[in-house]
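S.K.: What follows is each chain in one-letter form.
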Amino acid sequence: MTVPTAVLQSGLLPEGLNVSFKLAPAIIVLGMLLLFLAIGFVFRVADTENMWVAGRSIGNVENGMAIGANWMSAASYLGMAALIALSGFYGLAFVVGWTTGYFILLIFMAAQLRRFGKYTAPDFVGDRFNSDGARAIAAITTFLIGFVYAIGQARGMGLVGLYIFGDIGLPGLSGYQSMVVFMMAITVGYLTISGMLGATKNMAVQYVILIVAFLIGLFLTGLSQGYSTVLPQLEYGMLISELGSEFSEPFVNQPYYIWIATCFSLVVGTCGLPHVLVRFYTVESERTARWSTVWGLFFICLLYWSAPAFAAFGTDLYGEQVGAVYAAEGGMTSAAGDVIVVLAAQLANLPQWLVGLVAAGGIAAAIATTAGLFIAGSSAISHDIYTNIINPEATQRQQVLVGRLSIIALGVITTLAALDPAAPIAALVSYAFSLAGAVLFPMFFLGMWWENTNRPGALAGMMTGLTIWTIPMINEVLPNYLGGVEGPFSAALATWVPAIGSALIAVPIVFAVTIVVSLVTEEPDVETKRIVRQCHSPEPMGQHRTAEDVVATDGGDAPADD
Amino acid sequence: MYEKILIPTDGSDTAEMAVEHALDLAETYGAELHTLYVVDTDSMSLSLGPEQLDRIEQGNWGEMDEVRERAEGATRVVADRGRDRGIEIVEHVASGRPHSVIEEYAEDHDVDLVVMGSHGRSGIRRALLGSVTERTLRSTDIPVLVVDAR
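Residue numbers (this note's numbering), protein chains in the order written: chain X, 1 to 562; chain R, 1 to 150.
Isolated chain X (complex conformation) (with noise of 0.2 Å):
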């Protein structure tokens, strides 16, 4: 057994952080779960008599706002900030990865997502490509998505919790494990509540929260410090030279390689990320479809502009008030970097309602995220692979069954895997985006622009991505559960191929094994390469109808080839 020598080893403490119970970050954490609840509750889906008449329909902006709560997880919140802290310039990769993601996801996919009209990234692929084989791989991939992204978000919760709620203690564990063991059942608990209520309208609230937690933490660090006034997103340039190399020397420290391979991975997984893609299938219409993206990369901005004012403000009053932050003199722990934001706002002796705020904004945004992901992944579980392809005849009991068990089992194995986390919370989530850069990317990519796509170049494609994921993972990232192995296996391998950035060796890969695989194969039939091209063709289409619909009903006269 090598999970319990594990277990014992972590004992991640954040140093400088205060870690006691307090009643006012408590409150305001169980607060805003239950205000997320209320708001789901009042606006759950009634019992309908009549299913055939339309309902309201969601705008631009709400679901915007959704995309940016969706996305908004203890990575954007906490993670980000702690890398630009850690390794100031590196850090920017994820700023920069993850807004261009959705420039790609803007231009490419959006639109044509919504006209295919399927349910999740499992269906797409599985229909595109006519292959429940497919399917299942997908499915898959969208369940271990879920576990790794979800591991870093049990490291945020676990971290920020121990601010708020001191150390509970658990018998035979760190105060940091037993937090993460609270937070997740709350986690699994809210999601048994939530599950049923409708999810838009409580994430454009989420949304508003969060940011607001965020700014004004920001806003008020930077002017009870000095630091700023009224724009401290650009003000914290004057402190840049005053920060170290990690800051004003870009490269120094970290070789442009990881830069560039990082940055790749982050955009290509954002475009295949399963609870990013699934806003897109349920809007009205295409062009609604487009709008919410630039709603929400706007959304997501206010974030992404912000934190590495945060950082360089909480970097700043770490190296003052409680010691070196840099590697070189002694340095930051990972920990400590993770709660930088939480961190910042309590050194600059704000009201501790105040970081509360902060603090429980984390909180919420990784709960949020995390029960995203859980559904994502139960449903990959209980809809493609259980009712699809095991039992057809399954009952809609039976799925819900299905369902609560996959997320439990999906809670149990996170709350393992984040007792002795491998890596820091941005870290920890890049795997998943190279999971999805690797694997469901091309599939969407190629699936929806290249009608010749079929089905052996599909699961040659898919095969492929995975084992290229998985080959750093297990050189970098296994051994920190293994005990007494120092990893990472082979140093050349992570250096050319990290685990933080396979998908810049994966995609391009992949995209080759799956056109060849295709080229020599047998061509996909007309009907699915008319759906293809109807998917982006220049003549718009009506509101409500999918490109099925377009081709089942026109008759055989194909769109023009583009």
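Derived by calculation from the structure, the hints in this document are not laboratory data.
Just to be clear, a hint being listed does not mean it is correct.
Pairwise CB distance ranges, derived in the manner of DEER restraints [what the hints assert, rightly or not]: (1) R:L137 to X:I216: 48 to 56 Å; (2) X:I216 to R:A149: 19 to 27 Å; (3) R:I142 to X:I390: 34 to 42 Å; (4) X:F298 to R:I142: 50 to 58 Å; (5) X:V61 to R:D65: 23 to 31 Å; (6) R:D80 to X:D525: 30 to 38 Å.
A few chain R residues that don't get close to chain X, going by computed Cβ distances all over 10 Å [unchecked claim]: (7) E20; (8) M64; (9) R81; (10) G86; (11) I89; (12) P98; (13) S118; (14) R138; (15) S139; (16) I142.
Note that CB positions come from ideal geometry on N, CA and C, so glycine has one too.
Keeping the supplied structure of chain X fixed, place chain R upon it in accordance with the hints.
M.R.: Leaving out everything else, chain R in the frame of chain X:
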């Protein structure tokens, strides 16, 4: 005695066990037979994600082919058998929590009798999978005929 009989169905074999009983009663009493399929929103949210609940809320059922096929397939089975025997049939598809939708439907349409199948599960399986029939029995005061599958 019975003018309107309601048979909720989820398309499962168990539910169809009850169909014969309902048809016979409807024929005997010359009653109108309502067949109702309830799309369980809880299962939608867990198996397809809350985004699908939004889609329901927007009334975009038309594009959810799979769900629609399932629902209409289930009521069609009952309707076809009923029409063969000259019984007047009303088909309906609704969404929500099954037992409360069944109860509401029965009350809104002055149904005199509800006929339902039951899996006859017990112990852990009953606790896990629950029983729509059991909940309906508890929540409505309209007579319910339960046909046990065993």
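S.K.: For each hint, tell me whether it holds in the structure or not.
M.R.: Cross-check of the supplied hints:
1. At about 53 Å, the beta-carbon gap between L137 of chain R and I216 of chain X stays in the expected band of 48 to 56 Å.
2. As the Cβ distance of I216 of chain X to A149 of chain R is approximately 59 Å, the hint placing it in 19 to 27 Å is violated.
3. Range check, I142 of chain R to I390 of chain X: Cβ separation about 37 Å, and the 34 to 42 Å hint holds.
4. Distance hint for F298 of chain X and I142 of chain R: a CB-CB separation of about 54 Å, consistent with the stated range 50 to 58 Å.
5. Range check, V61 of chain X to D65 of chain R: about 30 Å between beta-carbon atoms, so the 23 to 31 Å window is met.
6. For D80 of chain R and D525 of chain X, the Cβ-Cβ distance of about 32 Å falls inside the hinted range of 30 to 38 Å, so the restraint holds.
7. Against the 10 Å criterion, E20 of chain R stays outside the reach of chain X, whose nearest CB is about 20 Å from its own CB.
8. Remark: the non-interface label on M64 of chain R conflicts with the geometry, its nearest Cβ contact in chain X lying 8 Å away (cut-off 10 Å).
9. Separation of R81 of chain R from chain X is adequate, the least Cβ-Cβ distance of about 19 Å exceeding the 10 Å criterion.
10. Under the 10 Å C-beta cut-off, the non-interface status given to G86 of chain R relative to chain X holds; the minimum distance is some 27 Å.
11. No Cβ of chain X approaches the Cβ of I89 of chain R within 10 Å, the least distance being about 17 Å, so the stated non-interface status holds.
12. A beta-carbon of chain X is positioned within 10 Å of the beta-carbon of P98 of chain R; the least distance is around 8 Å.
13. The claim that S118 of chain R is not at the interface with chain X holds, since no C-beta of that chain comes within 10 Å of its own (minimum 12 Å).
14. Against chain X, the non-interface label of R138 of chain R holds: every CB pair exceeds 10 Å, the least being about 17 Å.
15. Every Cβ of chain X is farther than 10 Å from the Cβ of S139 of chain R; the closest lies at roughly 13 Å, confirming the non-interface assignment.
16. At the 10 Å boundary, the C-beta of I142 of chain R stays outside the reach of chain X, the nearest C-beta of that chain being 17 Å off.
The earlier numbered hints that this structure contradicts are 2, 8, 12.
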